[in-house]
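Please build the complete structure, drawing on both the sequences and the hints.
Spelled out, the chains give:
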Amino acid sequence: MTTRRPKPEKSQGKPKSRKRSRTSGLPPGTLVYIGPEREGPVHITAMTYDRSGVTEFPVLDPEKVGQIPKDHLITWINVDGLQNIHAVETIGKQLNIHPLVLEDIVDTTQRPKIEVTDDYTFIVFKTLTFDETTSEIVSEHVSLVLGEHCLITFQETAGDPFDLVRNRIRSSVGRLRTSGPDYLAYALIDAVVDDYFSVLEKLAEGIEVLEEDLATRADPQMLREIHKLKVDMIVLRRSVWPLREVLNRLSKGDAPLVQKETIPYLMDVYDHTIHVIETMETYRDIVSGMLDIYLSSISNRLNQIMKVLTIISTIFIPLTFLSGWYGMNFKYMPELSWKWGYPMVIVVALTIVSLLLYLFRRNEWI
Amino acid sequence: MTTRRPKPEKSQGKPKSRKRSRTSGLPPGTLVYIGPEREGPVHITAMTYDRSGVTEFPVLDPEKVGQIPKDHLITWINVDGLQNIHAVETIGKQLNIHPLVLEDIVDTTQRPKIEVTDDYTFIVFKTLTFDETTSEIVSEHVSLVLGEHCLITFQETAGDPFDLVRNRIRSSVGRLRTSGPDYLAYALIDAVVDDYFSVLEKLAEGIEVLEEDLATRADPQMLREIHKLKVDMIVLRRSVWPLREVLNRLSKGDAPLVQKETIPYLMDVYDHTIHVIETMETYRDIVSGMLDIYLSSISNRLNQIMKVLTIISTIFIPLTFLSGWYGMNFKYMPELSWKWGYPMVIVVALTIVSLLLYLFRRNEWI
Amino acid sequence: MTTRRPKPEKSQGKPKSRKRSRTSGLPPGTLVYIGPEREGPVHITAMTYDRSGVTEFPVLDPEKVGQIPKDHLITWINVDGLQNIHAVETIGKQLNIHPLVLEDIVDTTQRPKIEVTDDYTFIVFKTLTFDETTSEIVSEHVSLVLGEHCLITFQETAGDPFDLVRNRIRSSVGRLRTSGPDYLAYALIDAVVDDYFSVLEKLAEGIEVLEEDLATRADPQMLREIHKLKVDMIVLRRSVWPLREVLNRLSKGDAPLVQKETIPYLMDVYDHTIHVIETMETYRDIVSGMLDIYLSSISNRLNQIMKVLTIISTIFIPLTFLSGWYGMNFKYMPELSWKWGYPMVIVVALTIVSLLLYLFRRNEWI
Amino acid sequence: MTTRRPKPEKSQGKPKSRKRSRTSGLPPGTLVYIGPEREGPVHITAMTYDRSGVTEFPVLDPEKVGQIPKDHLITWINVDGLQNIHAVETIGKQLNIHPLVLEDIVDTTQRPKIEVTDDYTFIVFKTLTFDETTSEIVSEHVSLVLGEHCLITFQETAGDPFDLVRNRIRSSVGRLRTSGPDYLAYALIDAVVDDYFSVLEKLAEGIEVLEEDLATRADPQMLREIHKLKVDMIVLRRSVWPLREVLNRLSKGDAPLVQKETIPYLMDVYDHTIHVIETMETYRDIVSGMLDIYLSSISNRLNQIMKVLTIISTIFIPLTFLSGWYGMNFKYMPELSWKWGYPMVIVVALTIVSLLLYLFRRNEWI
Amino acid sequence: MTTRRPKPEKSQGKPKSRKRSRTSGLPPGTLVYIGPEREGPVHITAMTYDRSGVTEFPVLDPEKVGQIPKDHLITWINVDGLQNIHAVETIGKQLNIHPLVLEDIVDTTQRPKIEVTDDYTFIVFKTLTFDETTSEIVSEHVSLVLGEHCLITFQETAGDPFDLVRNRIRSSVGRLRTSGPDYLAYALIDAVVDDYFSVLEKLAEGIEVLEEDLATRADPQMLREIHKLKVDMIVLRRSVWPLREVLNRLSKGDAPLVQKETIPYLMDVYDHTIHVIETMETYRDIVSGMLDIYLSSISNRLNQIMKVLTIISTIFIPLTFLSGWYGMNFKYMPELSWKWGYPMVIVVALTIVSLLLYLFRRNEWI
Ligand SMILES: [Mg+2]
Ligand SMILES: [Mg+2]
Ligand SMILES: [Mg+2]
Ligand SMILES: [Mg+2]
Ligand SMILES: [Mg+2]
Ligand SMILES: [Mg+2]
Ligand SMILES: [Mg+2]
Ligand SMILES: [Mg+2]
Ligand SMILES: [Mg+2]
Ligand SMILES: [Mg+2]
Ligand SMILES: [Mg+2]
Ligand SMILES: [Mg+2]
Ligand SMILES: [Mg+2]
Ligand SMILES: [Mg+2]
Ligand SMILES: [Mg+2]
Ligand SMILES: [Mg+2]
Ligand SMILES: [Mg+2]
Ligand SMILES: [Mg+2]
Ligand SMILES: [Mg+2]
Ligand SMILES: [Mg+2]
Ligand SMILES: [Mg+2]
Ligand SMILES: [Mg+2]
Ligand SMILES: [Mg+2]
Ligand SMILES: [Mg+2]
Ligand SMILES: [Mg+2]
Ligand SMILES: [Mg+2]
Ligand SMILES: [Mg+2]
Ligand SMILES: [Mg+2]
Ligand SMILES: [Mg+2]
Ligand SMILES: [Mg+2]
Ligand SMILES: [Mg+2]
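Protein chains in written order, with the numbering used here: chain F, 1 to 366; chain S, 1 to 366; chain B, 1 to 366; chain A, 1 to 366; chain G, 1 to 366.
No lab work stands behind these hints: they were computed from the structure.
Treat the hints with caution; some may be incorrect.
In this list, chains with the same sequence are indistinguishable; a pair is considered to hold if it fits within one copy or across any two.
Listed below are the simulated BS3-like cross-link pairs for lysine-lysine, each with C-alpha atoms no more than 25 Å apart in a straight line [stated by the list, open to error]: (1) LYS252 - LYS113; (2) LYS260 - LYS93; (3) LYS202 - LYS19; (4) LYS202 - LYS16; (5) LYS19 - LYS228; (6) LYS93 - LYS70; (7) LYS93 - LYS113; (8) LYS228 - LYS202; (9) LYS19 - LYS113; (10) LYS260 - LYS113; (11) LYS93 - LYS64; (12) LYS230 - LYS202; (13) LYS113 - LYS230.
Everything numeric in this text was worked out from a predicted model, so none of it was measured.
Right under this line is the structure:
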């Protein structure tokens with residue numbers, strides 16, 4: 001399991017990536033897309049809804065985002081694709097989003113955070129999903145601008161964990177249609193945190209496999225898998241820790257646009273992030289213990305190898321000396337002409353072997 | 001010692017488990033049982049009591065939980081079995097429990113926590129008991145909803161550490177019958193924390209056995225036992241640390257339903273959780289020190305093995321060379337025909353052996 | 001140096017111990033003695049004193065503790081022996097001590113702590129002394145109940161570090177006779193902390209011995225001594241850290257029964273506990289560094305052993321081959337019949353040896 | 001990658017450095033240059049600007065710094081070269097800079113910090129740039145004195161990351177010309193932090209190279225590179241951590257000279273320092289995991305080597321004994337004269353080899 | 001580099017030391033000298049000074065310390081030698097110093113701290129100097145009692161880092177003569193902290209030497225030097241950390257006797273202690289990294305040794321077997337009488353050697 005950014009354009013080799021250093025020295029608010037190289041237009045959709053009904057706008061032009069018909073009270077605009085700086089800028093201008101906020105929206109390396117003003121609340125977080133085909137964690141940068149009657153979400157590419165939320169809006173399941181955009185924001189974050197649990201379960205499976213392997217064999221490949229697990233946990237931690245802080249602030253009522261009724265729900269998802277973090281810490285301790293077992297099993301195997309070598313050597317080296325001794329060609333070497341010389345040597349040899357075997361057994365070497 | 005969830009339905013193989021990820025994208029308050037696969041109906045009992053007497057209701061229907069005759073002032077309802085979502089929902093509705101609270105009640109992976117509102121206090125904790133037959137720590141998820149005249153407890157399965165508390169209610173021992181449901185809640189948590197000490201004592205026994213083993217032998221099995229001890233401590237820590245925080249808040253008077261007279265008792269059980277935590281930290285340090293001893297004893301044994309090999313080799317290799325030398329078949333090799341050639345070689349061989357033995361002894365190798 | 005509880009009744013084998021789990025499920029305030037198995041009656045003494053004089057009561061009956069003649073303003077009652085639950089209960093009732101406090105008094109595993117009420121201040125701490133005959137740290141559980149005109153101390157067994165304080169009361173040295181029971185409490189804690197320094201000095205001696213040993217030899221016994229030092233430090237830490245917190249609260253004036261004049265003295269002993277803790281942390285770092293040196297000296301010795309083996313093998317193996325070669329029995333093997341064959345082989349052998357010795361020296365192996 | 005101070009005067013050997021200890025015992029406010037030995041005059045430039053235009057002063061005399069024509073509202077004075085104490089003192093006097101501040105300006109080892117008074121805000125930070133030719137991080141000490149209409153910057157040598165900011169002033173891009181000197185200070189710090197990202201990317205490249213190497217080979221050189229990476233991260237950390245604190249204080253409005261409009265920008269750059277720090281922590285974890293892999297791959301290789309030795313030895317040592325045995329010269333040794341003696345020995349030898357190979361394969365050694 | 005207490009009286013063997021445990025059970029305020037055994041009288045000097053001039057008193061009797069002519073406003077009394085308890089007590093009584101303060105003055109193991117009362121401020125710190133002749137850090141316990149018009153300093157022995165301060169008073173350089181005793185206290189502490197930088201530079205030199213050694217050789221001596229460096233850093237840390245806290249409190253205006261004008265200077269020296277601490281943390285990380293390199297270089301060398309052994313053994317063992325084989329004395333052994341038997345064996349031997357050398361090279365062993 002390793003971590004991957006979603007859908008890089010080039011299928012072979014490493015995708016080119018636009019790095020942070022490109023923004024060096026630029027005035028603040030200059031939009032520069034930072035992230036894996038991507039192409040294609042921005043894709044914009046919108047929904048307006050309230051108690052009375054839902055209207056969907058499946059395709060929207062960046063220039064017309066400001067003119068969505070206000071059929072219903074609440075508007076949710078979703079933007080897929082951050083690489084088209086001009087489009088993002090156009091959207092930002094129409095919706096009165098501060099240039100510094102736009103800068104963070106197009107910087108996919110921006111860490112999760114919250115910025116609260118009187119007019120809007122700006123939240124950055126990461127979606128994490130496990131890609132079964134590649135065994136990789138796919139991370140996506142999502143920004144959320146919460147206004148009084150409006151919620152705008154920005155994502156790197158199409159595809160998100162929000163479809164069940166969309167269905168709940170359409171079918172009027174739960175409190176979504178009767179609540180404000182703050183509850184919608186909660187529902188989206190909740191869906192994202194639910195996915196963290198799936199990733200956590202995948203990590204747990206990886207740990208279980210490793211633990212079974214550890215009991216049967218311990219080869220260098222295992223160490224690489226332990227390292228990969230650790231790196232995956234680092235990725236997860238970098239996404240969850242700051243999000244926990246974001247939710248802590250939200251559930252403490254810091255954002256004026258969040259209504260009092262939504263706070264218990266935010267506390268619930270805050271509680272889930274703590275659950276994720278604590279489970280992760282537990283995994284870290286377990287993986288670290290596995291590393292200790294692995295390392296000592298290497299040492300132990302070396303001991304086994306050396307024991308074999310030492311037993312074989314210790315038994316045969318004296319015997320070899322003995323036979324070499326009577327292989328000497330001295331003229332005057334009385335034993336060689338004794339009648340019982342050879343049987344005597346056989347007896348000596350057997351005695352040596354027996355004695356050594358006895359000693360080895362007494363020391364529990366064999 | 002390992003950790004086990006109580007009574008999985010399937011006796012062979014790993015019990016199937018309903019995982020957190022099942023709740024993905026569902027609206028909040030949707031009840032989804034998370035935990036080991038279980039079947040069977042919910043079992044509900046109740047007691048009402050006060051100074052004047054006790055009435056017990058050994059079997060209750062989920063639909064009739066709201067209509068328990070109020071013979072006495074205080075009502076304690078206990079629910080065994082969380083897998084029957086419908087029953088839990090029915091109970092919740094009658095007793096006016098918030099859907100988010102019900103969601104946490106049926107999620108057996110929920111970490112210990114406290115939620116305080118004006119109407120009720122909701123507490124989650126874990127019971128831990130040591131199963132002697134399997135040498136496993138059995139953990140159970142228990143939820144506690146404290147109302148003004150009522151306490152409701154939810155457990156995964158039948159069987160709990162509360163029987164002594166029940167007897168104290170029946171026989172009117174101690175302050176239970178003369179106090180409110182907050183004191184009952186204290187008594188239950190106190191009984192649970194008392195069990196933590198039993199688990200702690202089992203860990204202590206495991207550590208003692210390991211320490212004795214360490215003095216006599218140090219085989220790879222030991223390392224696995226150290227790892228298992230560590231994992232057990234992680235389980236205990238995950239249960240105690242958040243419970244300590246819960247009790248800290250309770251004993252500071254944060255919950256309006258907790259009466260002033262109960263606070264010293266809550267401080268007492270809070271003190272016990274600190275005791276558990278500090279003892280656990282001590283064990284962790286000791287186990288970590290044992291790991292160091294184990295690892296270095298492996299290294300040390302390797303040294304011993306190599307010393308034996310080296311002593312044997314160093315003594316016999318020169319002798320073998322010597323005898324090989326006089327085993328050469330050169331025609332013109334004067335020593336072979338000397339009269340004292342063979343005795344001379346014997347003397348040389350004995351000199352080499354003596355010298356080497358002297359050197360080994362001087363270097364304290366033997 | 002290891003840690004021991006004082007005077008176990010059974011001299012051979014491990015003393016039986018009454019464990020915490022015995023209290024499982026009991027109502028709070030049920031007195032249960034927890035600690036090493038002991039027998040015998042409780043021994044009670046008392047002193048009353050003030051500016052005008054001292055009266056001592058060398059033997060007191062538990063039933064009569066409440067009727068000590070108030071000859072002088074301040075009364076100090078000392079109780080030796082906690083195993084007699086009935087006696088402790090009797091004393092507690094007469095002196096109006098809360099059952100929860102009594103429970104902590106007879107629980108010798110109770111960690112150091114402070115409980116402040118308007119009527120009394122309850123303090124738990126541990127005395128530590130070094131037993132020269134067994135090289136063990138002996139720890140004793142001491143409780144102190146401070147009232148307005150009265151101080152009651154409870155100990156596990158007779159014998160304590162308070163004799164010098166008693167003498168200071170008798171001979172009216174220092175401020176004891178002119179101050180209240182709060183100053184007496186300070187004087188007792190100060191005497192206990194002074195003993196911590198003695199234990200610290202013993203640890204320092206142990207570390208010094210180990211450091212010298214490390215320079216000359218490094219055998220597995222050392223590792224056990226390092227482990228024992230570490231465990232001793234854990235014991236000391238468990239006693240000092242919470243006591244430091246107790247003194248911090250006392251010296252901040254949290255306890256209403258502590259007079260303003262006593263506070264500088266409490267700050268002084270608080271400062272001493274910090275000194276103990278900092279010194280201990282230093283020792284921990286030093287011991288941990290010693291462990292690193294020990295472990296690497298094992299590795300280093302393995303290198304030395306392997307070097308000896310390799311040098312011997314590398315020199316003799318080619319020579320042995322050489323002599324084996326000319327020990328072959330081929331009929332047509334011209335070297336064997338050369339006149340200078342044998343001297344030639346001698347020269348070759350000497351050349352090989354010289355060359356190898358030169359190479360070893362160049363690589364600084366010898 | 002290693003860390004270097006900019007442009008030391010002496011190209012060979014280590015540059016001489018003027019150390020902190022030179023200031024020992026001097027009265028406070030005595031200017032002593034601390035840093036790498038340098039010579040040459042101080043170079044001073046200035047810009048005055050506002051909405052209406054820009055005037056530049058490319059060369060200024062230290063004595064005339066106080067008399068720059070106030071053509072425009074805001075003045076930015078930049079001083080390159082701190083080794084000329086007299087010049088710095090002259091400038092300081094004219095601009096009313098406190099001697100303690102001047103002392104910190106000429107101490108290039110001064111850690112990043114902020115000092116706020118009513119008249120000025122004094123900020124110290126470090127620029128970091130990666131020198132491609134030497135693969136070294138070049139660090140430079142920069143001080144910034146922010147007055148009401150004036151900003152003074154002091155650097156060690158000419159060359160800085162501020163040229164893009166200068167161009168933005170000249171071409172009136174962004175808010176610089178319409179804002180005060182506080183915004184200029186922000187722009188300079190922002191440019192410096194942007195450079196930290198470049199350094200971070202270089203570290204990331206180094207880590208990637210190491211990770212690939214780890215997969216293919218693991219030689220001692222790697223360990224040195226890991227160590228160098230770690231030292232580089234320490235340098236970066238020492239620059240970023242205190243700057244983060246500086247920006248935290250600035251963005252909380254602690255400095256009266258910082259206007260409310262500038263605060264969101266300061267929060268933005270504060271956010272970037274957190275990004276740098278978190279990324280660095282991640283790198284640290286990854287590098288530490290790589291060290292574990294490296295160390296265990298050494299152990300593993302030793303196992304491989306020992307396996308080869310043991311296999312070879314274990315196969316040949318019994319064979320050598322066998323042949324030595326029948327190389328003995330006893331007169332009465334019946335096997336030697338058997339007709340099938342030699343074939344028998346061949347069979348025995350082949351049997352031994354087959355058996356051993358079978359055993360090795362069964363144990364998965366070969 | 002190791003740490004030493006200044007000038008022990010006995011030149012050979014370890015100096016006797018008076019330990020803390022001597023104070024066991026004594027009433028508070030009983031003066032007991034704790035520190036290395038010393039003899040000789042106390043040496044007292046004094047200066048009185050103000051704007052108008054300086055008067056020095058090179059030798060003072062302990063009994064007359066209270067009667068120094070008040071020629072000038074500010075009086076600085078310095079006491080060298082703490083072993084003469086009676087003298088210290090006499091001085092203390094005349095100057096109205098609290099017995100608890102005197103107790104700390106004569107306890108050279110007292111950690112740095114500050115005690116603030118309305119009448120005086122009591123500060124304890126440690127001077128550290130590097131003794132070039134013994135390569136040891138010499139630490140001295142200094143106490144400072146700051147009154148309204150008076151400063152009293154106590155030291156263990158004559159000799160201190162304050163001579164430059166004395167000269168500044170005499171020659172009226174800087175603000176000393178025009179400021180109060182609080183500024184004098186600052187100047188003394190500043191001089192002491194300046195010396196910490198010298199010690200730091202010595203540590204840096206030690207680290208540099210070790211880093212160079214690490215690149216060329218890695219012998220066990222190195223590990224001892226690393227350990228010594230670590231212990232030196234522990235000593236430095238124990239002196240600086242608490243002093244930092246002392247200066248933090250002073251620079252926050254906690255002490256009423258410290259005037260507002262002195263606070264920026266105290267902040268400056270506070271900043272220096274942070275600098276010392278951060279540099280030390282950096283050194284610690286670097287030294288810890290060096291330890292890792294050292295340990296792995298030992299492992300690596302073992303690998304080299306084993307490789308040599310394995311190559312030699314693997315080449316010669318089959319050859320030795322081969323020659324042993326044809327050294328067998330079977331009557332019917334056809335190869336022995338073949339004409340090309342011996343050349344054939346030569347060819348086989350060369351083939352084996354070539355093959356093995358090829359395999360070793362392919363595996364990059366040689
Ligand atoms: Mg920028
Ligand atoms: Mg980020
Ligand atoms: Mg997407
Ligand atoms: Mg959720
Ligand atoms: Mg929940
Ligand atoms: Mg490890
Ligand atoms: Mg470890
Ligand atoms: Mg959900
Ligand atoms: Mg949980
Ligand atoms: Mg149950
Ligand atoms: Mg309890
Ligand atoms: Mg208690
Ligand atoms: Mg270790
Ligand atoms: Mg109980
Ligand atoms: Mg305890
Ligand atoms: Mg006692
Ligand atoms: Mg004391
Ligand atoms: Mg003191
Ligand atoms: Mg100075
Ligand atoms: Mg610095
Ligand atoms: Mg520059
Ligand atoms: Mg920036
Ligand atoms: Mg930003
Ligand atoms: Mg490590
Ligand atoms: Mg004392
Ligand atoms: Mg100290
Ligand atoms: Mg001195
Ligand atoms: Mg200074
Ligand atoms: Mg300064
Ligand atoms: Mg290490
Ligand atoms: Mg290590």
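Quiz item: How would you classify LYS202 and LYS16 at a CA-CA limit of 25 Å: within, between, both, or neither?
Solution: Answer is between: at 16 Å across copies they meet the 25 Å cutoff, but 28 Å inside does not.
Practice problem: Using 25 Å as the alpha carbon limit, work out where LYS260 and LYS93 are close: within a copy, between copies, both or neither. | Solution: between (30 Å within a copy, 23 Å between copies)
Quiz item: Under a CA distance limit of 25 Å, which applies to LYS228 and LYS202: within one copy, between copies, both, or neither?
Solution: both (13 Å within a copy, 22 Å between copies)
Exercise. Check LYS93 against LYS70 for me: Cα-Cα at most 25 Å, and say if that holds within a copy, between copies, both or neither.
Key: within (19 Å within a copy, 38 Å between copies)
Quiz item: When no copy is specified for LYS19 and LYS113, does a C-alpha distance of 25 Å or less occur within a copy, between copies, both, or neither?
Solution: For LYS19 and LYS113, the Cα distance is within 25 Å only inside one copy (20 Å; across copies 29 Å).
Quiz prompt | LYS93 and LYS64: within-copy, between-copy, both or neither at 25 Å Cα | solution = within (11 Å within a copy, 47 Å between copies)
Quiz prompt | Intra- versus inter-subunit Cα pairing at 25 Å for LYS93 with LYS113 | solution = within (22 Å within a copy, 38 Å between copies)
Practice problem: Evaluate LYS230 and LYS202 at a C-alpha cut-off of 25 Å and name the case that applies: within, between, both or neither. | Solution: both (13 Å within a copy, 22 Å between copies)
Quiz item: Checking LYS260 and LYS113: alpha-carbon separation at most 25 Å within a copy, between copies, both or neither?
Solution: Answer is both: 21 Å inside a copy and 21 Å across each meet the 25 Å cutoff.
Exercise. Tell me, please, which holds for LYS19 and LYS228 at an alpha-carbon limit of 25 Å: within, between, both or neither?
Key: both (24 Å within a copy, 24 Å between copies)
Practice problem: Could you figure out if LYS252 and LYS113 sit no more than 25 Å apart (CA to CA) within one copy, between two copies, both or neither? | Solution: both (15 Å within a copy, 17 Å between copies)
Quiz item: Given a CA cutoff of 25 Å, do LYS202 and LYS19 count as a within-copy pair, a between-copy pair, both, or neither?
Solution: Between copies, since 11 Å is at most 25 Å while 30 Å is not.
Violated hints are absent here; each numbered hint is respected by the structure.
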